[in-house]
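Undergrad: Following full-length UniProt numbering, the numbering of the first sequence begins with 1 at its first residue and continues without gaps.
There could be a bad hint or two in this list.
[Claimed, not checked] With a Cα cut of at most 27 angstroms, we get these calculated DSS-like pairs of lysine-lysine:
{"#": "1", "residue 1": "Lys45", "residue 2": "Lys33"}
{"#": "2", "residue 1": "Lys145", "residue 2": "Lys124"}
{"#": "3", "residue 1": "Lys385", "residue 2": "Lys48"}
{"#": "4", "residue 1": "Lys402", "residue 2": "Lys419"}
{"#": "5", "residue 1": "Lys126", "residue 2": "Lys33"}
{"#": "6", "residue 1": "Lys419", "residue 2": "Lys33"}
Bear in mind the hints are in silico, worked out from the structure with no lab data behind them.
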Amino acid sequence: MEESESASDKPRPWQSYHTVYTNAKAGMDGVDKEKVQRVVYEMSKGSKYFENEERKEALIRQKIEHMRARAAKLSAADLSHYQKVADKRILELDSTRDLSRIWLHVDMDAFYAAVETLSNPSLKGKPMAVGSMSMISTANYEARKFGVRAAMPGFIARELCPDLIFVPTDFKKYTYYSDLTRKVFWDYDPNFMAASLDEAYLDITKVCEERSITGAEIAEELRSRVHEETGLTCSVGVAPNRLLAKVCSDINKPNGQFVLPNDRMAVMTFISSLPIRKIGGIGKVTENILKGVFGISTCEEMLQKGSFLCALFSHSSSDFFLSVGLGLGGTDTPEARFRKSISSERTFSATEDAALLYQKLADIAEMLSADMQKEGLSGRTLTLKLKTASFEVRTRAVTLQKYISSSDDIVKHASNLLKAELPISLRLIGLRVSHFNEDKGGVSGDPTQKTLTTFFKSVDASRRTGNDQRSLGSDLSDLHFISEKETAISLDNNETCHHEFGDPFERKHLSDMDDKNCISSINACEMEKIDELSSNKTAAMVNTADVKERTTKSPKRDLSRVSEDDSSVQREPEDSNPDRLNKEPSTSGNEEFFSLNQMEMLFWVDDYKCSLCGAELPSSFVEERQEHSDFHLAERLQEEESGTGLSSLIPRLRIVPEDCSGSQNRRKKHKSSPKQGMHLPIDSFFTKKSSGQ
DNA sequence: GCCAGAAGGACCC
DNA sequence: ACCCAGGGTCCTTCTATC
1 MEESESASDK PRPWQSYHTV YTNAKAGMDG VDKEKVQRVV YEMSKGSKYF ENEERKEALI
61 RQKIEHMRAR AAKLSAADLS HYQKVADKRI LELDSTRDLS RIWLHVDMDA FYAAVETLSN
121 PSLKGKPMAV GSMSMISTAN YEARKFGVRA AMPGFIAREL CPDLIFVPTD FKKYTYYSDL
181 TRKVFWDYDP NFMAASLDEA YLDITKVCEE RSITGAEIAE ELRSRVHEET GLTCSVGVAP
241 NRLLAKVCSD INKPNGQFVL PNDRMAVMTF ISSLPIRKIG GIGKVTENIL KGVFGISTCE
301 EMLQKGSFLC ALFSHSSSDF FLSVGLGLGG TDTPEARFRK SISSERTFSA TEDAALLYQK
361 LADIAEMLSA DMQKEGLSGR TLTLKLKTAS FEVRTRAVTL QKYISSSDDI VKHASNLLKA
421 ELPISLRLIG LRVSHFNEDK GGVSGDPTQK TLTTFFKSVD ASRRTGNDQR SLGSDLSDLH
481 FISEKETAIS LDNNETCHHE FGDPFERKHL SDMDDKNCIS SINACEMEKI DELSSNKTAA
541 MVNTADVKER TTKSPKRDLS RVSEDDSSVQ REPEDSNPDR LNKEPSTSGN EEFFSLNQME
601 MLFWVDDYKC SLCGAELPSS FVEERQEHSD FHLAERLQEE ESGTGLSSLI PRLRIVPEDC
661 SGSQNRRKKH KSSPKQGMHL PIDSFFTKKS SGQ
């Protein structure tokens, strides 16, 4: 730490203060980068936040030094060994290349800001940011010219752009427009993967084939359709895999597109000069390490330095890096995945008043519990997160014998954790619950059963090759230096067991988790319901014909009503009483849906996904929803007639996705992309946009 | 040697 | 004047157990 400062710290200290916004992957074209850096530096200097950043940077510098030293110590023999390892691995990875799919990544341009401008045209042409003085979510292009960007605190943004207009976030609005765009996406790929409110991946291989049309033409068409439907513009990237498609969508943004042909040479050429930071999953730290230790700044150099990467990084990390160098990425439509945790945290002005801290803790527990109830979740591991006045983050966890979800339980255990830290000055408290009961794959809850994590790990080996951003993301953390011994050669113990992962049962549920919540809500509640059903609930089975008739005739009474019922159901996750379902209806006062609900258990999770098969249909898809529910009803009728009753419910659920909703069969459930949507507040998914119906 | 937990981080939107 | 979010995922390391 001593050396770097003295030498380079001449006249412009801000140059060494790299933050996310001055160093981002999104192009900051006409921006006076130096000025931005200076302002950010000036405004941050001396703050606790700044000091903490410096502390972290110092740690990274140490890491870099440490790795450099290790790299320097590699003997010629070592290097030749690792060169072989790398060469072999590169060949293996390359052999997994799949150029048969055409992926399209759509990214709405400055989404929140664009939506706000749509609803308030007077904002047009003026620099504007969505967010608050403490943090902004996104900025329009006028504001970006000043260096203003997402994740920048508002007070700094205002300094950069004094005329900046701040608009508070309104997720209802964004969800509404997001649904409109998804309706368009649906037409091109019913299994599209929503990555967030404003991003999605579509496998357009089939459409291209069916219409014998190029990816570029689809992109063109999709963009104009999105514009027609929403009045918003988007940018699109078309490439043989998701990782590349994502990079491509950024190239001609805003309102543009870029197509990378499904050709090995084209891919290699493209990737060769591509800065590593453009790759999803390679952030500031990884970039610094790769650059600082190995001098790698383009993807191509990943291959050139393959021996070093294999020598100094863990398997998963080196595999990832090499994949990037080869331009490989996800080409399959991944299985759905469960939500693993749920949390709530709040920042406040730092205090060391214990009573106050306990109060904050109780408030957060309350919020978290409410969110959990909404989704019918309960978990055994409770993690307390603390951020001290000096921005240091700590976590403290306990794993309990029983699953908890009530505010009281949460507070009780969280207080114990907090007590142990006590004399302390905090600026943030957070609570997270994980280790859900469904983790075990549902039904049994047998703790010895393979967990999802295990499942994904085993799949990991194969996935490694075609990782998409998710894997990327994780890989970075490997940077954490693998201890030297493990650096060795263990390149092949990956080939583990893909098959043993659990029973198909759990996977069926996975299907619906594309966006954060849906997932879990289904799991928790549905599991119970299914159990109930399969055991005895036949009573709930009502007159099918009756139900069918009503649904068919009153499409307008659309299912959004059902979702109301459903939410009330979910609100009582603790209540495993089988009568619950029977009671609900009276509360809702909607007998028709009551029947439907009881009988089919079909409702739109989070007003978005079919509780039965996981199909995704925003509430604006009124007709599609009607069709969809009709499908399930017909299916049910058929079963009734053929004598197959509820007893077959469970197996049936697993199969349904295969062909439900007619043409749009969703055998692959689009799970969300890796990261998808986690940044959105959960609430945004509950709030339904008032449009649909 | 493997497994579970706990703690700390990187990254994404 | 305002002074750096919140929700999630995955990975690695370390330890205590079995």
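Undergrad: So, for every hint listed, does it hold in this structure?
TA: So, going through the hints one by one against the coordinates:
1. Lys45 - Lys33: Holds: lysine 45 and lysine 33 sit about 18 angstroms apart, inside 27 angstroms.
2. Lys145 - Lys124: This hinted pair holds, its Cα atoms lying about 15 angstroms apart.
3. Lys385 - Lys48: Roughly 19 angstroms between the alpha carbons, so the hint for lysine 385 and lysine 48 holds.
4. Lys402 - Lys419: holds (21 angstroms)
5. Lys126 - Lys33: holds (21 angstroms)
6. Lys419 - Lys33: It is violated: about 46 angstroms lies between the C-alpha atoms, which goes past 27 angstroms.
Of the numbered hints listed earlier, the single one contradicted by the structure is hint 6.
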